[in-house]
Structures are given as structure tokens and as C-alpha cells.
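There are 4 protein chains.
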Amino acid sequence: MEPLNYNRLAGKNLGRLEALSDGIFAVAMTLLVLDLKTPVASAIHSESDLWNALLSLSPRLMTYLMSFVTLGIFWLGQQAQLNLLEKSNRDVVWLHIGLLASVCLIPFSTALLAEFLQYRAALLVYWANILLLGLLLLASWRAARHFGIVKPDLPPDIDRAIYRRIIVAQCLYGLGAALCVFSTSWSIGAIVLLQLNYALAPRIGKFELP
Amino acid sequence: MEPLNYNRLAGKNLGRLEALSDGIFAVAMTLLVLDLKTPVASAIHSESDLWNALLSLSPRLMTYLMSFVTLGIFWLGQQAQLNLLEKSNRDVVWLHIGLLASVCLIPFSTALLAEFLQYRAALLVYWANILLLGLLLLASWRAARHFGIVKPDLPPDIDRAIYRRIIVAQCLYGLGAALCVFSTSWSIGAIVLLQLNYALAPRIGKFELP
Amino acid sequence: MEPLNYNRLAGKNLGRLEALSDGIFAVAMTLLVLDLKTPVASAIHSESDLWNALLSLSPRLMTYLMSFVTLGIFWLGQQAQLNLLEKSNRDVVWLHIGLLASVCLIPFSTALLAEFLQYRAALLVYWANILLLGLLLLASWRAARHFGIVKPDLPPDIDRAIYRRIIVAQCLYGLGAALCVFSTSWSIGAIVLLQLNYALAPRIGKFELP
Amino acid sequence: MEPLNYNRLAGKNLGRLEALSDGIFAVAMTLLVLDLKTPVASAIHSESDLWNALLSLSPRLMTYLMSFVTLGIFWLGQQAQLNLLEKSNRDVVWLHIGLLASVCLIPFSTALLAEFLQYRAALLVYWANILLLGLLLLASWRAARHFGIVKPDLPPDIDRAIYRRIIVAQCLYGLGAALCVFSTSWSIGAIVLLQLNYALAPRIGKFELP
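Chains as they are written, first to last, in the working numbering: chain A, 3 to 212; chain B, 3 to 212; chain C, 3 to 212; chain D, 3 to 212.
Honestly, I wouldn't trust all of these hints.
[Claimed, not checked] Below, computed lysine-lysine pairings styled on BS3-like, alpha-carbon distance capped at 25 Å:
{"id": "1", "chain 1": "A", "residue 1": "Lys153", "chain 2": "B", "residue 2": "Lys89"}
{"id": "2", "chain 1": "B", "residue 1": "Lys153", "chain 2": "B", "residue 2": "Lys89"}
{"id": "3", "chain 1": "A", "residue 1": "Lys89", "chain 2": "D", "residue 2": "Lys89"}
{"id": "4", "chain 1": "B", "residue 1": "Lys39", "chain 2": "D", "residue 2": "Lys39"}
{"id": "5", "chain 1": "D", "residue 1": "Lys89", "chain 2": "C", "residue 2": "Lys153"}
{"id": "6", "chain 1": "A", "residue 1": "Lys89", "chain 2": "A", "residue 2": "Lys153"}
{"id": "7", "chain 1": "C", "residue 1": "Lys39", "chain 2": "B", "residue 2": "Lys39"}
{"id": "8", "chain 1": "D", "residue 1": "Lys39", "chain 2": "D", "residue 2": "Lys89"}
{"id": "9", "chain 1": "C", "residue 1": "Lys39", "chain 2": "D", "residue 2": "Lys39"}
{"id": "10", "chain 1": "B", "residue 1": "Lys89", "chain 2": "C", "residue 2": "Lys89"}
{"id": "11", "chain 1": "C", "residue 1": "Lys39", "chain 2": "C", "residue 2": "Lys89"}
{"id": "12", "chain 1": "D", "residue 1": "Lys153", "chain 2": "A", "residue 2": "Lys39"}
Everything labelled a hint here was simulated from the structure, so no lab data went into it.
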């Protein structure tokens, strides 16, 4: 009899990977709001002071929503891919743990971008974080294919659909980030438009992403 | 054969939407308590100092409970609606992600209201947050109807029940908020009473809300 | 035909109440650790400085563990009771939302107690929080009985077992809290011993609690 | 008839223990990122200032990833063991609650290590935390065996596989920690290498751990 390999026991439970993922996405999405800080009471003496202080929060509200949508996009993408798996295995689970570690970095990248909206460094860190999410999502699908743990009845062109979606999206994100050569505002505008396309108008464009 | 559209793969899993929702509601509800800060040790020299410091926390305890109940009401409403769906789809999922983004804003709106109880601006932001929750809940039901993903055996007057509930509740919230023309205290009192009606005495009134 | 009452739709899903509860218990338990703050770097100049700083954290480590065990006890109690239900309903759900609101207060009560270990006010707030948890657990069982939503095949003496457990435990907690007339240290010692009895040695005593 | 013992009702639900565990692991993993603080805006006057500030965060990024992998390793280990159980019981649940309390300490140990990388005290606390995780995982398996709640069809050498894995891993962690006699950097390097072996290259070594 083949000696028992502990690794054959680990990471089998697809349900618990989904539960851990949902938990981490949920906490990361909620932590984003901690970046929206209430105005300091001692600086507020009238209604108009408070309205002005709230207005000055609007860039942070924008980065909050942008990152919430980012995490929503990747949550949908991960969900779509996990739905195609028949079971899980240790290697695929570790790639997903890597994906989740990148998800947890999004609140940091977002706070950095919100604090340093004019700085290319902040924008590039944010973009690198999105790139990492895309690469790990791609790698986890390749690994699932490699280990043959996908469902048996998948449509034949599923790989092309998944690869094209991730690659096209990442190219667009990359183009958006490259606009920071001119101005970080252009980059952020492009990324927001790209995300609106995915979230709000999925039937307009042909190029949609997880 | 119709070419494979990635969107047909995304957002199908109703169970994971529920898990993400429960996670986000749970974190948002728990974050509310971070607004209750322990008194500063250096200012406390006797038991009565501490009792007084605790008493001065009571407005924040009230806003904590008010927002906890708000989130409870909308958690129940979302749960009731998701229970009526047979499956999910991408568009409905995005409306629910929007709902969850509004849920995550509640800890911010609550902290703002607790810090600036006398300011109409704080009250209106809080009310706008509740309005957003109501609108997105309504929109997600309309979308579910539009895409025909509800369960087949629903009672015939279910739409009217859902619409009436959301609209009546939002009208009452709106009336409560409008009372801030006179005083923000009246508004808060009206909102608290409205919520007690939903949570504690659902059989007294005829107008109940999700 | 009876007109459709929205309340008959709400709160039916026992699984989602369990998921929300697990989420809130999980976040509340994890937030407890935020009270353990790392020593300030500028005050540490040697290994022995750091050891001393860590030693001075031990009262907070104790309150951390005490509250973690408290939440563990009530998580087990809530789980045991929900397992006995056949379905859920709106009123029972609201009692559980009340229970969860009290669960979320535990990180606050714990931080208060850790900061003001010598103050009876802090101890009484902590005890009141535990009392509230017990009362709401009791009320939710009574409500479940009242609405007849428990499983049909329960053993006949189940009510007595549940009531006795909660009441005996709360009496012991109350006695422990009353010791603060002499010293808050006695109270805390008594509560810790009581909890060890439930967690570590459930077969020694006869009086065990949810 | 045997009088009803409340303890026979508590802790039966394996699904809820898994849900609580996934929640706590998810929150603890996400809290790790709070240690990555954005640079202070007033100190940043140019792109190169920001790049330098980001570079100076790299030790904290390393401890972040190290602890994320640690938690991933133990999440996988706990999952593998719970998968082997047929049901749960109160005593096993309490050992897992102890495990989860140790999981929640990891963000504290990590922050301590990140702040005091050169101090043996910080390293030993971190190692003690990992040791505690290993001991409780071991104890929970022994308890499950003792109470006979494992699945009936387990392979005969499963115990040896589980024990060897935990013990070998803990010996390697212990050796790594012992290197702090020479330098804490050596210890951290050894722990990182050990974890990479588990996460990235499970097929290279023979000695792998949960």
C-alpha cells in the first residue's frame, strides 16, 4: 500500500476555501471604510464647516468605491472559477491563499493612493496589487487544469474565455496605469471608467473581466 | 453554438453571495462598537469619575444600537429577498455588491452622527445612507424580476408586499429626517421609534419594512 | 386568501442566522486582541526592557482570555439552542440580533475592565454585559417555545436543562460580581474559576452553563 | 432514562465550528495588514521620498507575509483534521476554541516581531505562539481519537501521519527559533525557508506539516 501522504488530506474541502475567501473579502471590503475618518470636532463650528469637511472627504470616498468595486470584480472572478472546480487540492489552495493575501493588501494600497493621489509611486503600488490579483487568479486556473480537478462537463472554449478575460482586463489596467506618465488623475479616471464598464455596463463592451 | 460569454459563468452562486453578505453585515455591525471608546485613564481618579465618564458615553451607545438595528432590518430584508430567488446572476449580484458597499458606510455615517448629533449635515448623511440601502434593495428586486430568476411558486401579491414595505419605510425615514428642520433630536427620536416598531412590535403596526 | 404579510417572509432562514452569528462572534473574538498593544519602541532599549514591557501586558492577556472564553461559552450556548430549532421566525431572529449586539459590546466591556481593573464600575459593566447575554439567550429559547418552532423530537426535560443551566450560571456570575464589594480582584478570580469549570472541567461540576 | 446532560447538546455542530474557524482565520489574516501603515504625508515631499518610505516598509511586508503563511498552514491543518471527524463534541470544540484564541494572538505576535526584529524576546514570543498552535492542534486530534468521533473509514496509518507532521514541523520551528542565540535574523530566515517549503514546494521535502 502506498504510504499515507499528509498532503493528500489537506486542502480537499472546497467549501471551506470558499468560506475563508468570503470571510477575507468581507473583512477587506469593510476595512476600506476605516479610511473615511470623521472630521475633527474641534475644527467644526457651523453647518457649513461640516459640509465643507465632508466635501473634502470626496476623494477618499472615490478611492473607497474604486477599491470596493475592484474587490467585487475579483470576488466574482474567483467565485466563477471555484464554481468550475470539482474538488480542491493543496497546490490550488496555496495559490488561492496567495490571492487572499493580495486581497488583504488592497486596504493598504487604497489608503496609500488616497493619501498620495498625486504621486506616481502610490498609483504604481495600487496597480501592482491589481496585477498580482490577476496573475494569481490566472495561475490558480492553470493549476486547476494541470491537476485535472475541474468539473468534467465544462464547455470546450472555457479556457479561452477565462484567459482572454483576465489578460484583456490586465492590459487595460496596465494601459490605465501607464497614463500616469502624463498625470495620475488620468490613470485613476481610466481605472474608474474600466471598472464601471465591468460593473455597470457588462453588455456594452465585448471585453469584460472577472 | 453560441460563443461562451464569461458573464454567464459569473455570479451564479447564490450561496456565496449570502456568505459574503453575512460576512460584511457581521463585520460592519461589529465595527460599530469601535466608536465606543473607553475613557482616558488619566482623567479618572474615582469610581464616580468613571461612572460619569460612562454616562457621557450614552449618546454613542444610542447611536450604536440605532445603527445595529438599522443593519439588522436591512439584513433581514436582504435575506427575505434572496430567499425568494431561484438563482443569481451577474447584474443582481452587482446591485447587491452596491448594497454591501452602502452597508459598509454605515459605521462611518454612525460615527459622524455620534460626533455631530446637533448638526443637520450629519443627520442628512445618515439618512442618505439609509435611503441608498432602500433604493438598492428595491432595485435588486426589480432586477431579479426583470431577469426572471425568482422562484416559480411565489404568491401573486409578493411584489406589492415588497414594494409597499420598502416605500412606506423610506417615506417614514424621510419624514423623520425632515423633522431636522426643527431639531435633529426630533429626527433621531422619530427614527428610533420607527425602528423599535419594526424590531420589537411588528404586530402592532400595519406598515413594516425590510 | 389571507393577504400576504411580509413578516412571514422574513427571518425564515436558520442557516443565514447561523452564518451571521458565526461572523459576529468571530469578529468580536478577534477584535479582543486589539487591546493587546505592542510596547512603544522608544521606551525599549534592551532585552530586559522588552521582557518587562511584555510582563506588564499580562493583566490584559488575562482579560483577553477571559472574554474569549466568555464568548466561547455563549457561542456554544447559542449553537446548542439553534440546533434544537426546526426553523426560525422574525421574532426569534430579533432576539438573536439583540444577543449579537450584546456580543459586540464585549470588546468594549473588556477594554474597560482591562483599563480600570480596580474599579467596581468597570466590573459591574462587564457583569451587566454577561447578564444581558444570559437574559437574551433565555428569552430566545422561551420565544422559540412560544412560537412552536423547535424540533418535534426533543427530549422531555430539555427545557429544564436549558433553564437550569442559564440560571445557575448567571447566579454564579452574579455572586462573583457581588464579591467586588470586597475587592474587584476577588470578582475577577471567581469569574475566571467559573469559566475554567465550564471550559476545562465540564465533568467535574454538576452545574454547567451554555 | 438517563437524565439529560446539557453537555450532550453542546458542540455537536461540526459545520458551525468550521464557520467560526473560517471567520476567525479570515479576520486574523486581514488584521495583519493593519500593521502596514501608510507613510505620514507631512514627511513626503517628492516621488523619491515616497519610494524610500515604501522601501522602509519592506520588513513589515515580510512579517505580514510570514504570518499570513503561518495562518494558512494552520488553517489547512485544522481543515484536514476536521475533515476526518464524523461529528464534534464539547471537549474537542473547547480545544479548537483554544486554538482559535491562539490564532487571534498571531496579529499581536507579528506586530511585536515587526517592531522589535532585533530582539530575542519578540522572536521567542512569536515562536511560542506557533508552538501553542501546534500543541493545540495535536491535542485536538488526540481528543477526537479518545472520544471516538473520527470517521470510521480512516486509513490505518493516519495517526502516525498527523503526529509526525506536527512534531517534525514543530521541531524545525524550534530549531529555527534556537538560532536566535546567534542572531534573530537567522531565526527569521530559517522560519521563512521552512514555510516556503510547506507552501511552495510540498513535493521537494519529505517532512511537511499541517
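Checked hints:
no. : hint                : verdict
1   : A:Lys153 to B:Lys89 : 20 Å, holds
2   : B:Lys153 to B:Lys89 : 8 Å, holds
3   : A:Lys89 to D:Lys89  : 22 Å, holds
4   : B:Lys39 to D:Lys39  : 22 Å, holds
5   : D:Lys89 to C:Lys153 : 20 Å, holds
6   : A:Lys89 to A:Lys153 : 8 Å, holds
7   : C:Lys39 to B:Lys39  : 15 Å, holds
8   : D:Lys39 to D:Lys89  : 43 Å, violated
9   : C:Lys39 to D:Lys39  : 15 Å, holds
10  : B:Lys89 to C:Lys89  : 22 Å, holds
11  : C:Lys39 to C:Lys89  : 43 Å, violated
12  : D:Lys153 to A:Lys39 : 51 Å, violated
Taken one by one, the earlier hints fail for this structure at numbers 8, 11, 12, listed in ascending order.
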